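Based on the sequences and whatever the hints tell you, model everything.
Which chain is which? The protein sequence lines are A and B, in order. Just so you know, we're using numbering that gives the first Met the number 0 here: the first sequence kicks off at 0 and counts up by one. Just so you know, we're using numbering that gives the first Met the number 0 here: the second sequence kicks off at 0 and counts up by one.
In case anyone wonders, no lab produced these hints; they're calculated from the structure. Any given hint could be a false lead.
[What the hints assert, rightly or not] Below, a sample of chain A positions facing chain B; criterion: calculated Cβ distance under 8 Å:
| id | residue |
| --- | --- |
| 1 | Ala-35 |
| 2 | Glu-44 |
| 3 | Ile-52 |
| 4 | Leu-83 |
| 5 | Ser-124 |
| 6 | Pro-161 |
| 7 | Ser-163 |
| 8 | Val-250 |
| 9 | Ala-252 |
| 10 | His-254 |
[To be verified] Here are some chain A residues the structure puts well away from chain B; computed CB gaps all over 10 Å:
| id | residue |
| --- | --- |
| 11 | Gly-9 |
| 12 | Ser-22 |
| 13 | Phe-23 |
| 14 | Leu-26 |
| 15 | Leu-36 |
| 16 | Leu-232 |
| 17 | Asp-291 |
Owing to the predicted nature of the structure, the values given are computational and were not obtained by experimental measurement. Heads up, the beta-carbon is just placed ideally off N, CA and C, and yes, glycines get one too.
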Amino acid sequence: MLPFILKRLGLALLVAFTVSFISFSLLFLSGDPAAALAGETASGEDIEAIRRIYGFDRPMLVQYGDWLFSALRGDFGESYYFKLPVASLIAERLQVTMTLGVCGILFALLTAVPLGVVAAIRPNSLTDRVALFLSVAGQAMPSFWFGLILIVVFAIQLGLLPPSGAATWRHFIMPTIVLGYYAMPAIMRLTRAGMLDVLGSDYIRTARAKGAGETRVLFKHALRNAIIPVVSLAAVQMGFMLGGSIVVESVFALHGAGYLAWESIARNDLPTVQALILVFSMFYIVFTFLADVLNAWLDPRMRSA
Amino acid sequence: MNKRLLDRSALLALTLAATTALPAFADKASGTLNVAFTKELENVDSYFNSSREGVVLQRAVWDGLIYRDPETNEYVGNLAESWEWVDDTTLEFKLREGVTFHNGEAFNADDVVYTVNFVAKEENGVKTQRNVNWMDSAEKVDDYTVRIKLKQKFPAAIEFLSGPVSMYPNEYYAEAGPSGMGLKPVGTGPYKVVDVVPGQHFVLEANENYHDSPKGQPEIEKIDIRTIPDVNTQMAELFSGSLDLIWQVPADQAEKLGEMGQFTVANESTMRVGYLQMDSAGRSGDTPFTDPLVRKAVNYAINRQELVDALLQGSSKVVYTPCFPSQFGCIQDVTEYEYDPEKAKELLAEAGYPDGFSTEFYAYRDRQYAEAIASYLNAVGIDTDFKMLQYSALRELNMDGEVPLSFQTWGSYSINDASAMVSQFFKHGSLDSTRDEEVLEWLNVADSSTDPDERIEYYTKAIQKIAEEAYWAPMFTYNTNYVFSQDVSYTPTADEVLRFVDMSWN
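Here it is in structure tokens:
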């Protein structure tokens, strides 16, 4: 098991650095970091000065090598934009993003899986239709709009929740719902489809025939098999939520890592973008790895693979 | 994120909110004024940011040697009691005594010397070099007398010293540097900073020991600033009473907010000027814009008044000069091109384009203005291949001389001197698409003369020629909306700087 994990880890690092090299080149090709750094009011001469001071006039490979060498020693440099160490900047923003991501995926799983199961038990029933409607609505509704509606209703009209910010746990309720609702439909549909598939299979009929209770059939036999693809999907969704909650973070003024990444790209803030991409790709790698482990635990057949 | 959708949703949010007219609960009782910034401020250290939000904090936290009254545009002493030109490149200041920084450090000549010498050195990387690169060094004469040496003659020095150049505490800055200053700013200003979460949250407290400054004394005890990127969310916060003041509010939303009657909506002009830049030097290859008849046709084709009335609204005005009217030297006695599409067509025909021509047309902001401009041009036969780019991308193209026609804007960094705009673009720098020798010569005299009359004379020549030759098509000035709770009393100024020191509770 250990060599397997080490091999995977090595591969993961390789993937992470390939990603970082590609993103570095893309950022370099997409715009002039000196111009972005100088800001809107700078003159051509200002930009030239900044180009010299920051060393943007050196070849790209040299600059990437520089970055890589420092990154390997754990030094992600200073954000061009904030003039602060990237590591502490990202650590601070990640707290918000992680809280939001974990709450969001839990909310999505806790609502989508039961709904999917219920929908699969009685296909084409009213319950199924309602679940279908909820999932279609979730898929179709832009999250910024949903967010604003929640703000209007719960923060302004009812005055129950604070409209935006990240100061207390109450600030996270609406963003969690918006983010989770967006991830919910796919999970629900997959649970439903998986359950329908499994419920029609031979071993379920056998389980029922030998007199197993319906609850035991549903949860011990059916769900355990149907949930396997859901776990993989949830892992990807989780990665997406951490990196892609830009809209939700922006509407609720949450200042998380996703919003930071989005803004940093526009600002050509190379060190911040590079470090964030590394962090996000590591997240994806870790989550898919965890999902594999979890699936192996759920399905012994996968352990040998 | 789709901006247009966002704008539309704002209407919905507003209508819904308007159905339950809640009273606004301002934080008058707690003495805290809650304000929103839209953009994440990069660094509170004013030498290391280049955004409007940074200027707002700079004016609150620090002081300059000189102060310009935003109403009368007169210069009075602030940290300096008086000043005089020793020669063309040396300014001597008598400093105010008894001023202390927020950390208790006493203000004296050493602080001025340290600050000037630090910011003037290019390696230290001050972000907007133009604000500081005219200074060579500073030297101490005695504890409260200091001389600033200029690199060359620079009459706008007084304006810059009253604006972006603020004085830092030497001992603290030597130790903390820009990143330390950004996290724990220390100045002499009317407000001291008590908390900074980079880019997100800034808390200011009134400086009880503020010196007898022309800025006046702070009245509001505490200012709490949060960054809220979405304007709709800002409005929601305003409705729920957790914000007291928002600014840079789009015209349509400000109008709706005004109609609700719960908030004060104030509109003020800004120094930003919108203009069309034409490649009269022919840097982008064979372009019709090298012909003055074509450039005049473009000028006649634009209905500036309609743009102002229908789109910009508020305190915006039509301009024909490549500078903002209040700026020193920005004379208004120039050729004015009234809207006349027939004349535009005649001029095009005379120039050899009876059926018009087609050109690339670039813009980086205010898409709806750019589209309106494009439709005016189309109406006289100039077909536009419209391209919307990010600011930095368009500027790069522009510096490489590959832009035949673009919609540009310039805010002059709130510097009330024509050199901050005309000289920025007509002195053969990389952004100069005109490259007129005469204009360059005149601007060189105007920018470096210490005689105000001579400066006016030469700016007049340059600006009149730019208008006569129709090198640009200046169109309008921008405006901005401030919306605040009725508990707040504030009169915005025309330079788009929020002045907390001028705010009070009703």
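*For which of the previously enumerated hints does the structure constitute a violation, in increasing order of number?*
Violated: hints 5 and 15.
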